[in-house]
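Asker: Protein chains in written order, with full-length UniProt numbering: chain H, 1 to 240; chain G, 1 to 513.
No wet-lab data here; the hints were simulated from the structure.
Hints are supplied without guarantee of correctness; some may be wrong.
Claimed, not checked - Okay, the calculated beta carbon distance ranges per label pair:
#	chain 1	residue 1	chain 2	residue 2	range
1	G	S142	H	D117	46 to 54 Å
2	H	T119	G	D45	41 to 49 Å
3	H	L33	G	R52	17 to 25 Å
4	G	L366	H	G222	48 to 56 Å
5	G	R147	H	I3	52 to 60 Å
6	G	G287	H	G222	24 to 32 Å
7	H	D117	G	G268	50 to 58 Å
8	G	G309	H	G222	49 to 57 Å
9	H	L33	G	R147	46 to 54 Å
10	H	E6	G	L332	36 to 44 Å
Virtual Cβ for every residue (Gly too), placed ideally from N, Cα, C.
So you can see what is in the structure, the chains are spelled out below.
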Amino acid sequence: MSISLEDVRRAAELVTFGLRHGARPTDGNPYGLLLHRYRTEAAFSELVEVLASGLGLAVLGTPARTGIVVTTQPGSVFATRTSDLRSTNMGPDDKLVAGLVTLAIAAYAFPHPRDLDSTDVKIVEVVNLDAFIRSAIARVAATTGEDGNDAQARRAADLYDRMSAFLPKANQAGPAKGCTQWAIGEVLGWLVDRGAARPAPTMGATTYQLTDRFRLLVADVGGGEALEALRTARRESETN
Amino acid sequence: MAVHEHHPDLFTVEDASSEPSTIEIRSPAGDASVRARWRALVLTDPVARLVRNAGHAGIDDDVFDLRQLALAAIDVAVASMGFARQITLAQLVDTVAGLARLMDGREDSAAAVETARWVVRGLLNDAENQGKFVYVFHDIRSTPHRREEYAFRLLSLQDSPSGAVVQASPQAVMLYLNGLNLDVDDAEEALSVVLRRQLDDRRFEAAGRTAETAERASVAMAATLADIIESTRRDVRSADWLVDVPARLARARKHVKARIEADGQVIGHVMSGIDAESDAAVRRASGDLVETLQRIRDVHLDLASRAAGAREVLQQAQLRQVFSRPVRLRLLNVERELFEPILTMTTADAQAVGEAFTDRILGFRLPRVLHLGDLVDTLLASTRQVTPVGYAPEDPGNADEADAQAYPPKVIAAATKILRQAEHGPVPLTQLVDAATAVDPDEVDGAVEDLIELVTLAALWAYAPDLPEPGDSPSAGIDTLIAALEAERTAHTIDRPMVWGNQLMISAIEAAS
Numbered sequence: 001m002s003i004s005l006e007d008v009r010r011a012a013e014l015v016t017f018g019l020r021h022g023a024r025p026t027d028g029n030p031y032g033l034l035l036h037r038y039r040t041e042a043a044f045s046e047l048v049e050v051l052a053s054g055l056g057l058a059v060l061g062t063p064a065r066t067g068i069v070v071t072t073q074p075g076s077v078f079a080t081r082t083s084d085l086r087s088t089n090m091g092p093d094d095k096l097v098a099g100l101v102t103l104a105i106a107a108y109a110f111p112h113p114r115d116l117d118s119t120d121v122k123i124v125e126v127v128n129l130d131a132f133i134r135s136a137i138a139r140v141a142a143t144t145g146e147d148g149n150d151a152q153a154r155r156a157a158d159l160y161d162r163m164s165a166f167l168p169k170a171n172q173a174g175p176a177k178g179c180t181q182w183a184i185g186e187v188l189g190w191l192v193d194r195g196a197a198r199p200a201p202t203m204g205a206t207t208y209q210l211t212d213r214f215r216l217l218v219a220d221v222g223g224g225e226a227l228e229a230l231r232t233a234r235r236e237s238e239t240n
Numbered sequence: 001m002a003v004h005e006h007h008p009d010l011f012t013v014e015d016a017s018s019e020p021s022t023i024e025i026r027s028p029a030g031d032a033s034v035r036a037r038w039r040a041l042v043l044t045d046p047v048a049r050l051v052r053n054a055g056h057a058g059i060d061d062d063v064f065d066l067r068q069l070a071l072a073a074i075d076v077a078v079a080s081m082g083f084a085r086q087i088t089l090a091q092l093v094d095t096v097a098g099l100a101r102l103m104d105g106r107e108d109s110a111a112a113v114e115t116a117r118w119v120v121r122g123l124l125n126d127a128e129n130q131g132k133f134v135y136v137f138h139d140i141r142s143t144p145h146r147r148e149e150y151a152f153r154l155l156s157l158q159d160s161p162s163g164a165v166v167q168a169s170p171q172a173v174m175l176y177l178n179g180l181n182l183d184v185d186d187a188e189e190a191l192s193v194v195l196r197r198q199l200d201d202r203r204f205e206a207a208g209r210t211a212e213t214a215e216r217a218s219v220a221m222a223a224t225l226a227d228i229i230e231s232t233r234r235d236v237r238s239a240d241w242l243v244d245v246p247a248r249l250a251r252a253r254k255h256v257k258a259r260i261e262a263d264g265q266v267i268g269h270v271m272s273g274i275d276a277e278s279d280a281a282v283r284r285a286s287g288d289l290v291e292t293l294q295r296i297r298d299v300h301l302d303l304a305s306r307a308a309g310a311r312e313v314l315q316q317a318q319l320r321q322v323f324s325r326p327v328r329l330r331l332l333n334v335e336r337e338l339f340e341p342i343l344t345m346t347t348a349d350a351q352a353v354g355e356a357f358t359d360r361i362l363g364f365r366l367p368r369v370l371h372l373g374d375l376v377d378t379l380l381a382s383t384r385q386v387t388p389v390g391y392a393p394e395d396p397g398n399a400d401e402a403d404a405q406a407y408p409p410k411v412i413a414a415a416t417k418i419l420r421q422a423e424h425g426p427v428p429l430t431q432l433v434d435a436a437t438a439v440d441p442d443e444v445d446g447a448v449e450d451l452i453e454l455v456t457l458a459a460l461w462a463y464a465p466d467l468p469e470p471g472d473s474p475s476a477g478i479d480t481l482i483a484a485l486e487a488e489r490t491a492h493t494i495d496r497p498m499v500w501g502n503q504l505m506i507s508a509i510e511a512a513s
């Protein structure tokens with residue numbers, strides 16, 4: 001197949017849909033048609049991936065309901081920075097705890113490698129996540145990896161252990177800054193902002209649904225000793 | 001010695017290991033279907049479990065009929081399958097909560113919602129991370145005996161842009177259809193297997209699958225047409241009624257015409273197969289297929305009616321909108337047309353309006369894309385360490401050397417001598433300055449000006465002394481002397497080449513004792 005300028009334009013359109021978290025592919029709409037073309041025409045899919053790569057993006061997958069899921073390559077202008085996150089006044093300790101929570105959510109939802117192949121949606125709840133992380137702290141602290149992230153994850157586990165699970169706000173409901181439930185809520189909030197989760201208020205005020213996008217993002221994570229320790233803890237909690 | 005006599009009770013079983021096994025299959029039909037019936041049985045266990053555990057969650061089983069709510073949840077999920085927009089988790093919970101409210105005479109809305117959540121969570125197997133329900137089947141008829149795991153779901157969630165949509169598993173569909181004694185793992189496959197085995201004409205299966213594929217296309221077409229019709233109602237210019245929409249309508253009509261004919265033929269074939277068939281299972285399976293085909297035909301008929309009524313919608317919209325006030329380009333009054341209306345809205349509505357407005361006025365913004373690994377790396381990154389600047393510490397030099405900024409010892413000695421005049425009685429500053437001026441320059445190595453300055457500073461210090469810091473101890477010499485002086489301003493003035501201003505009267509501080 002020879003590639004025309006029109007094909008390039010179409011490929012760029014599909015990548016643009018990937019950058020819009022709200023875009024929805026259906027059988028008849030332009031997004032759905034482009035997605036179908038991506039799946040059925042090898043040359044077009046290659047064109048989309050090359051074009052995405054040139055923009056500093058990588059195509060993670062194309063689930064039928066979610067559409068094209070892209071992530072960033074190192075140095076991409078589209079990369080999320082900490083200043084883009086809604087809690088911009090985080091101290092170093094807050095960031096460490098947030099990093100541990102991010103890993104923990106991934107491990108909690110996808111403890112087995114096979115879970116990453118299933119399109120089943122995962123529902124998570126802040127209090128349950130907090131209980132899980134606390135139960136896994138000893139295992140994370142026992143890791144011996146010298147990789148920067150692993151050593152920092154141990155520090156984060158120590159910090160997490162010393163933080164209160166819940167501190168009340170002065171005049172309203174919900175956890176106040178400085179407790180672990182607040183930290184979990186913040187991380188889940190970031191994921192919501194990036195289309196990787198959705199609030200599920202009908203299932204509880206602090207319940208969230210993790211999207212297919214999140215599953216693909218987790219599958220793209222390299223891992224590490226801390227993540228593996230958390231996954232092991234989750235698997236053990238499932239069997240108990 | 002007491003002898004304990006063993007009395008056999010009801011559950012005492014004689015050791016029969018020496019006897020040959022007498023297990024026989026008494027019912028070949030039962031043996032053949034035991035696995036399937038066992039599976040059908042365990043399919044109901046999740047519902048039984050959620051009812052059993054409801055008390056632990058504070059849900060009153062007497063108030064809420066949890067079994068009925070569970071069945072309703074499955075019914076609703078199954079009913080929405082096959083449509084372009086399946087039911088979302090939130091809608092399912094709301095629907096079940098609505099039913100629960102009808103059961104609760106107390107009109108406790110919160111309890112109904114909590115109950116609905118409990119039921120849906122139970123059907124999703126939320127207790128095990130929404131994984132499959134797993135049960136073990138002991139196959140005692142195989143040699144050696146085996147244990148088989150049977151894993152299934154009732155409801156599962158799939159991601160969609162409108163939220164998590166609920167899907168009923170094949171097993172849940174079978175439960176909903178209430179005990180069709182076939183392979184419960186896959187109703188479609190079961191139908192095709194039974195048909196393949198029992199019916200001569202194997203095209204039933206192909207016809208059924210073709211019909212289902214056509215159904216998906218029909219549902220998608222219906223959804224697209226519905227979108228076009230709805231947008232046309234709002235604005236006739238939103239869709240291309242000159243070329244695109246007529247082409248879509250023609251395609252839909254052609255598809256519907258072909259499918260309705262084919263549906264009729266397939267249904268007729270299956271119905272005739274049912275009439276000629278003596279096997280009850282095949283008859284039931286064929287009946288199910290007929291039911292499926294009839295549902296598909298309904299979808300096709302629905303699509304036909306949408307296609308037929310579409311042009312009428314266009315005409316009505318044209319008539320209505322031709323008299324509408326034209327949209328004019330004008331400047332926005334932010335206060336009256338944005339700010340004040342926003343204040344009267346709910347938070348969610350106001351947020352939507354505010355974000356839309358902000359998006360427009362901010363213009364280009366780069367979308368941010370999440371990379372989970374990079375995010376974790378960033379968050380777990382070590383705090384930036386400040387690299388110590390390599391500087392050479394200043395050499396304090398020889399402490400014994402004279403301070404470059406200090407007064408020469410001779411000047412200090414001369415000043416001390418002059419200031420001691422105040423120990424005998426109050427002396428004006430003029431007198432001290434004059435005494436300093438009169439000193440022989442050789443006595444102070446020519447630093448007469450330094451002497452005058454030192455005497456003046458001592459007088460000023462005595463007038464407004466710095467309070468000593470705790471722990472400071474006055475050093476010996478002139479410091480001690482100055483600390484023992486006090487000065488008062490007088491009404492006179494002093495006017496000397498280096499010193500002028502108010503006259504000060506210097507005197508020694510009287511001892512506290």
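Asker: Against this structure, judge whether each hint is valid.
Answerer: The hints, checked one at a time:
{"no.": "1", "hint": "S142(G) x D117(H): 46 to 54 Å", "in the structure": "violated (31 Å)"}
{"no.": "2", "hint": "T119(H) x D45(G): 41 to 49 Å", "in the structure": "violated (25 Å)"}
{"no.": "3", "hint": "L33(H) x R52(G): 17 to 25 Å", "in the structure": "violated (50 Å)"}
{"no.": "4", "hint": "L366(G) x G222(H): 48 to 56 Å", "in the structure": "violated (26 Å)"}
{"no.": "5", "hint": "R147(G) x I3(H): 52 to 60 Å", "in the structure": "holds (56 Å)"}
{"no.": "6", "hint": "G287(G) x G222(H): 24 to 32 Å", "in the structure": "violated (54 Å)"}
{"no.": "7", "hint": "D117(H) x G268(G): 50 to 58 Å", "in the structure": "violated (42 Å)"}
{"no.": "8", "hint": "G309(G) x G222(H): 49 to 57 Å", "in the structure": "holds (55 Å)"}
{"no.": "9", "hint": "L33(H) x R147(G): 46 to 54 Å", "in the structure": "holds (49 Å)"}
{"no.": "10", "hint": "E6(H) x L332(G): 36 to 44 Å", "in the structure": "holds (38 Å)"}
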